[in-house]
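Participant: Go by the hints and put chain A onto chain L.
Here the protein sequences come in this chain order: L and A.
Numbered per my numbering, the first sequence spans residues 934 to 1075.
Numbered per my numbering, the second sequence spans residues 127 to 276.
The reader is advised that the hints may include incorrect statements.
[Stated by the list, open to error] Have a look at the derived ranges for each label pair, beta carbon to beta carbon:
(1) R200(A) x G1016(L): 48 to 54 Å
(2) V1070(L) x L206(A): 43 to 49 Å
(3) G137(A) x V1070(L): 22 to 28 Å
Just so you know, the hints here were simulated from the structure itself, not pulled from any lab data.
Quantities reported herein were computed from a predicted structural model and do not represent experimental measurements.
Note that CB positions come from ideal geometry on N, CA and C, so glycine has one too.
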Amino acid sequence: MSDFVPGSSYLSSLIGGALIGTAAVLLMALLGRIAGISGILGGLQTAAPGDRAWRAAFLVGLPLGALIAALVWAPPEQTLVAGWPTIVLGGLLVGIGTRMGSGCTSGHGVCGLARMSRRSLVATPTFMLAAAGTVLVVRHVL
Amino acid sequence: MSSERSQRSRGGLEVAAALAVGALFGFGLALSGMLDPAKVIGFLDLFGDWDPSLAFVMGGALLVSTPGYLWLRRRGGPSLLAGALSWPTRTDVDRPLVLGAVLFGVGWGLVGLCPGPALAGWIFLGLPILVFVLAMVVGSFAWGSLGATR
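Excised from the complex, chain L in its bound form (with noise of 0.2 Å):
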């Protein structure tokens, strides 16, 4: 167990997705639901009140299972690359975009993937490129 470092290697890697997608197909089969972050997040604003509950419950839970982890093993890396006028900016077009997109990596990349949904095969590569291309121009480019 000592030796295990969570985030450190392709296992890791690889049983942590396995657990979110554990994670996904267990929120539908208890609660029926899709279990992408951004949605639930939106539906605390616009779902009706008896729908908001359950939402804020699994969002309390994702940083108890981190918080878990971080016990377990150690507290994760989290370096950040960006300066603050960029990380505000990037919340800002994350937020945006989730919503405007109906999803983000969890919904559309590990749900809407999952069931070959037509509008998640097109949103998933849209987002990696978008995301790829932004890093080539500033890491690169700029």
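Facilitator: Using the frame of chain L, we list chain A on its own:
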């Protein structure tokens, strides 16, 4: 009376299940390496010193979610705790889908955080991540309220 009580306890179960599944998701994110923005940017840096390890995260997730969803669809019937399975039904590829995905991708590439890792990783109280989460919620809710007034 008794049905009211069972309704309420079912609501409690629903919330407890959502909390536990959210925790499993966050635990998986922590193992995956997605909580580290620098590592995510290394994964997105296709034309530089590419770190392919995070491809295993989506791969590992799909390895479970694809057969899991297929099985749930075949099985049909309601969810265990909260009524029918609500599968998304839209199939149209419209401009907001594509433009939204582009804006999201640019933000993701600028900082290295997408919604899940941001909403799981703020617990370690790094100020930049807390600020990112705040900006992300403002962006999401601002777009949501625009949508509601149209």
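Participant: Now look at each hint and say whether the structure bears it out.
Facilitator: Hint by hint, here is what the structure shows:
1. R200(A) x G1016(L): 48 to 54 Å: holds, 50 Å
2. V1070(L) x L206(A): 43 to 49 Å: holds, 47 Å
3. G137(A) x V1070(L): 22 to 28 Å: violated, 48 Å
Checked against the numbered hints given earlier, this structure breaks only hint 3.
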